[in-house]
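Undergrad: Sequence:
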Amino acid sequence: MQLQSLSSHSAGCAAALGLLQHLPAHSLTHLELRMGRKVAAQLVTLCQLTALRRLNIVGTFRQWTMPAFGESHSTLVPLAALQQLTELQLPSVLNAELMQLQVPRLQQLQVRICSSAHGARKQLQLSHMTGLQGLRITDEDVRHGGLAAGDQLPPGLRELHWHEARVHWVSTAQCSAQPLLALTLLQKLYLELGRQPPEAAELAQLSSLRSLQEVALIYDSTPPGIVAAHAQAAWPVLPLVQLGFLAPSCTLELQASVVLDLGAAQGLSHVCLRAERFCTKPSELAAVLRHLPALQCLEVSEVVADGHGDGRFVPYWIAAAARGIQAVPMGRDVNAVSELLEAVGGLQELSRVHLRLAMKLASSEVQALQGQLHQLLHSELAACCTIDQKKLQLRGLHYERRVVCSLIEPRW
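Position one of the sequence shown corresponds to residue 4 (this note's numbering), numbered consecutively onward.
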């Protein structure tokens with residue numbers, strides 16, 4: 004029996020080096036390994052495993068790859084010896100290091116880009132990775148995050164996931180969609196957009212990519228005015244399958260016009276709406292949902308940042324009670340809530356749903372709604388629905404309709 008696959012998370016440089024020296028170079032094809040601080044020595048030893056096809060390096064290079072100003076960033080150069088490698092996952096690296104990566108048969112790459120300790124960010128130049136088809140980048144550059152106009156991506160990409168880390172809340176760098184326009188073979192695009200996303204007209208130019216089949220746009224603390232501009236200029240011309248609004252600030256109100264614009268993107272399969280308060284009435288949201296027959300996953304949550312800066316949120320009605328706030332948006336009477344639940348129940352493809360809305364109902368209205376649940380929702384969802392005088396909660400998963408999608412990565 005020959006060892007073909009191994010996963011090891013032993014901590015420490017000595018443990019990693021000792022393990023690497025005893026692995027079979029001729030048979031091992033899949034390796035997941037946590038590496039210590041002396042990453043250069045470990046990579047040289049690792050690259051003797053010439054049969055590797057899939058490599059996942061766990062840890063963070065950030066501690067190791069901050070050379071003095073003017074030194075070369077050659078940490079990843081030894082990986083060129085892995086002639087059979089097709090899939091690679093790396094922890095946090097610098098742009099300059101990533102540009103030194105030369106793996107001839109690499110097709111899938113997942114990597115985190117971290118901040119440079121010295122000066123401005125170098126342009127991302129990955130055009131030499133001509134065989135790469137799938138790229139997942141999590142951009143952690145605090146000061147210069149996001150795609151820049153001069154960046155170059157692998158020209159043969161079929162699928163691109165660009166995640167913006169939450170540290171970009173402090174970044175004021177303007178992002179650009181220009182590097183994406185050169186990807187003539189791109190089929191699937193997942194973009195997380197921060198405070199300075201591409202201009203609406205520029206984003207709309209992605210419709211010129213004839214091979215583009217699926218687009219997911221996730222707005223994270225993006226100013227409402229910019230979102231509204233995107234809704235008017237870009238959403239109607241792109242093959243949108245997912246839209247999300249995440250990480251609301253303490254003052255964000257999701258504009259009613261933006262929510263209503265969702266109805267024009269009838270191909271949507273995933274929608275995630277998180278805001279402190281929704282200006283949209285439940286009846287208006289119900290009308291939008293009726294225009295989204297392909298919807299598979301839905302989240303509508305009124306939540307507030309918990310104040311600890313860790314990305315966690317609490318339901319709006321809890322935060323409002325703590326602040327002594329009693330006001331609830333207008334239009335949340337029994338009929339409007341019934342209409343919303345009926346629209347949710349009518350989504351034939353829905354496999355996952357999460358509603359969290361603040362209410363202000365009389366006890367008699369609550370009883371009336373509870374009596375209607377099994378008429379408005381199928382039994383599986385009705386059992387997951389909670390209604391009282393202050394809130395509506397519905398969280399359910401339809402196991403018979405569970406959906407696996409390679410592109411969509413909703414944060415539930």
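Please note: incorrect hints may appear among the correct ones.
Restricting the straight-line Cα-Cα distance to at most 25 Å, the calculated cross-link-like pairs of lysine-lysine (BS3-like) are [said to hold, decoys possible]: (1) K284 <-> K393; (2) K363 <-> K394; (3) K125 <-> K284; (4) K363 <-> K393; (5) K284 <-> K363.
These are computed hints drawn from the structure, not numbers from a lab.
Undergrad: Against this structure, judge whether each hint is valid.
TA: Each hint, compared with the structure:
Straight-line distance between C-alpha atoms of K284 and K393 comes to about 16 Å, which keeps the hinted pair within the 25 Å bound. Restraint check for K363 and K394: satisfied, since their Cα atoms lie roughly 7 Å apart, inside the 25 Å limit. Pair hint K125 plus K284 does not hold up; C-alpha atoms about 46 Å apart against a cutoff of 25 Å. Taken as a hint, the K363 and K393 pair is honoured in the structure, with Cα atoms around 5 Å apart against an allowance of 25 Å.
With a CA separation close to 13 Å, the supplied pair K284 and K363 stays within the 25 Å bound.
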